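S.K.: Each chain, written out:
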Amino acid sequence: MTRGLGSLSRVMILGFVRDRTAMFFTILFPLMFLVLFGGLFKDSGLSKSEVLQIGPVAMFDQMPAADRADIGQIVTLIKVDDREKALDQVRKGDYAAAVEQQGGNVVLHYAAADVVRSGIVRGLLESMVQTSNLAAAGVSTPAFTLDAEPVEDRSLKTIQYVTPGILGWAIAVGATFGAAMTLVTWRQKKILRRLRLSPVPTSSIVGARVAVSLLVALVQMALFVGIASLPYFGLKLSNYWWMAIPLVVSATLAFMSIGLLAGSWAKSPEAASAIANLIVLPMAFLSGSFFPLDNAPGWLKNVSEVFPLKHLNEALLGVMVRGEGPGSAMPAIGILLGFAIVVGTIASFLFRWDDV
Amino acid sequence: MTLAIAVAGLHKSYGEVHAVDGATFEVQQGEFFGILGPNGAGKTTTLEILEGLREADSGEVSVLGSSPWPRKPELMKRIGVQLQASSFFERLTAREQIRLFASLYGIGPARADELLDLVGMTEKAHTRTEKLSGGQAQRLSIACALVHDPDLVFLDEPTSGLDPQARRNLWDLLRDINGQGHTVVLTTHHLDEAEILCDRVAIMDHGKILALGPPATLVRGLEAPTRISIESGSVSEVDAQALADPDLEVTDDGISLTIATRTPAKVLAALAERNAMRGLSVRGATLEDVFLSLTGREFRE
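Read top to bottom, the protein sequences are chains A and B. Mapping to the numbering used here: the first sequence position 253 is 253, numbers consecutive. Mapping to the numbering used here: the second sequence position 211 is 211, numbers consecutive.
Think of the hints as simulated: they come from the structure by calculation, not from any bench. The structure displayed is predicted, hence computed values, not measured ones. By construction, the Cβ of each residue, glycine as well, lies at the ideal position given by its N, Cα and C atoms. It cannot be assumed that every hint is accurate.
Cβ pair distances, simulated, as ranges [unchecked claim]:
id: 1; chain 1: A; residue 1: R352; chain 2: B; residue 2: S160; range: 20 to 28 Å
id: 2; chain 1: A; residue 1: L214; chain 2: B; residue 2: K72; range: 25 to 33 Å
id: 3; chain 1: A; residue 1: S348; chain 2: B; residue 2: T2; range: 36 to 44 Å
Take the sequences, apply the hints, and build the full model.
M.R.: Right, dumping it as structure tokens:
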């Protein structure tokens with residue numbers, strides 16, 4: 001029985017499109033985060049270190065142009081003459097280090113406060129000194145050479161990591177709130193009761209909500225991937241990106257079940273919105289939507305396993321960016337659908353047609 | 001005539017509360033039937049059982065020839081329901097609302113627009129329902145209840161919260177609907193409304209039906225005195241007392257002199273003789289008096 005499915009879907013879409021708040025929080029707000037993260041941290045990793053060169057340093061000054069370009073990718077050399085001023089600036093943390101030559105010694109002054117940066121500069125200079133020593137000793141063809149190659153695509157940028165996470169969060173917000181708000185407002189405004197007094201079967205009401213939520217999620221996905229793929233942001237999708245579609249579909253069902261639970265529980269739209277926020281926001285943080293969880297303590301990672309968003313984010317990253325095969329998404333799809341069935345069943349027991 | 005509704009020995013309890021306690025009544029097809037009573041009398045529960053929203057604990061219920069419980073989509077097509085709260089979808093215009101309800105019953109948009117016109121809402125077709133006045137919203141929700149041409153219409157407090165003018169307009173509309181052959185069942189706690197609109201009423205209190213019949217019959221059955229008022233000072237109070245029944249009072253508040261009597265013809269003739277009929281008004285008993293005599297308390301607590 002599908003009587004009313006089309007017209008109910010249509011009014012839900014109209015209601016959503018005309019609801020500025022809903023549009024903002026499900027589309028524009030996450031998009032702002034995407035633009036912010038993707039644009040702000042366009043260059044991945046640590047920014048280049050700036051190193052002061054005090055007076056003449058033979059090792060730098062006599063460097064061939066090709067080597068100079070190589071080093072230029074890691075550090076920027078700035079020539080200064082005032083030694084005291086230079087050391088003071090390093091002390092303050094304005095620059096990563098200062099280098100001077102005292103006879104045969106190359107002296108590196110660094111601020112120990114920034115371990116990572118000073119380590120990079122020290123390592124670099126040590127290798128340069130080694131190379132110079134080898135050259136001085138007459139070794140022109142060393143026995144071993146090291147070629148460093150990144151494992152990901154050469155064009156890997158922050159946007160690659162940010163897009164799946166923010167998209168996952170946006171879908172979670174849209175599906176959870178969509179289901180919760182429809183349920184509560186329709187119950188409170190007695191629309192559910194009115195529908196029950198029409199020949200429309202329950203399956204049409206549920207079906208329309210699911211269809212509209214899926215549509216919203218797929219529009220979100222098209223919009224986010226489209227914008228992130230603009231040359232300015234430079235997202236590059238891997239070959240199996242289309243596996244993101246079944247992932248997004250099953251995740252939408254999982255998030256809707258959370259929304260139905262919140263909506264069945266809550267008495268007013270305000271309460272439903274608060275409950276949904278209370279679930280979605282911590283879930284987004286603990287699922288690595290905004291920043292990776294690699295450094296989080298083990299117990300926290302374990303906790304995050306219960307959230308469907310965590311599984312969605314990881315699987316999306318795998319198929320959209322890391323180039324993992326279609327099979328890699330199957331466990332996540334299974335978990336998401338299982339979550340949707342379990343939580344949806346609980347919600348259906350709490351479901352009421354009416355406030356009284 | 002065939003029966004639209006037949007209810008016998010209806011019971012429904014919520015825990016210790018007997019919401020409906022043995023109600024029995026019938027509604028003829030084409031009739032305008034009212035269920036009256038104060039808040040908590042059991043009107044809404046009775047209606048909900050008739051509509052198939054709740055299951056009765058015991059008793060016989062037949063709506064248009066079939067039992068409303070469990071819910072039957074086929075029956076839903078033959079009944080129209082207007083709910084107390086205007087249950088509209090959010091952010092839709094008046095026309096979108098009624099066209100949606102029409103489509104839920106498989107009715108085309110032309111009929112929806114026709115209904116919108118019938119309730120005088122064509123001008124407001126493009127207004128969002130949130131922006132409609134109370135009366136406009138009520139008329140729209142009645143139109144939504146009628147869009148599929150139901151045999152039986154349930155109206156739950158259709159005029160609550162409306163100003164007097166809007167109420168009168170709505171009464172005209174409801175009379176027209178009934179005139180077109182729809183059976184109408186109305187719940188209200190406005191007794192005057194029931195007296196004006198309904199062919200027959202059932203007066204409910206504490207889940208029981210206390211009286212059943214045409215409003216005029218119920219009122220007449222009271223044999224309550226008629227109150228005749230004239231301008232103060234038209235006749236002396238002693239004179240007035242002589243005209244009134246010996247056991248009934250004569251009151252004078254300085255503006256009107258009121259004589260209570262069971263023989264109004266005699267009193268009116270006497271007043272006419274004395275040429276003392278300035279500001280004359282004659283008030284019979286009302287359903288409020290019926291309720292008072294049935295329950296021993298005022299209708300409005």
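S.K.: Each hint needs a verdict: does it hold in this structure or not?
M.R.: Cross-check of the supplied hints:
no.	hint	result
1	R352/A to S160/B: 20 to 28 Å	holds, 24 Å
2	L214/A to K72/B: 25 to 33 Å	holds, 31 Å
3	S348/A to T2/B: 36 to 44 Å	holds, 40 Å
In terms of the numbered hints stated before, the structure departs from none.
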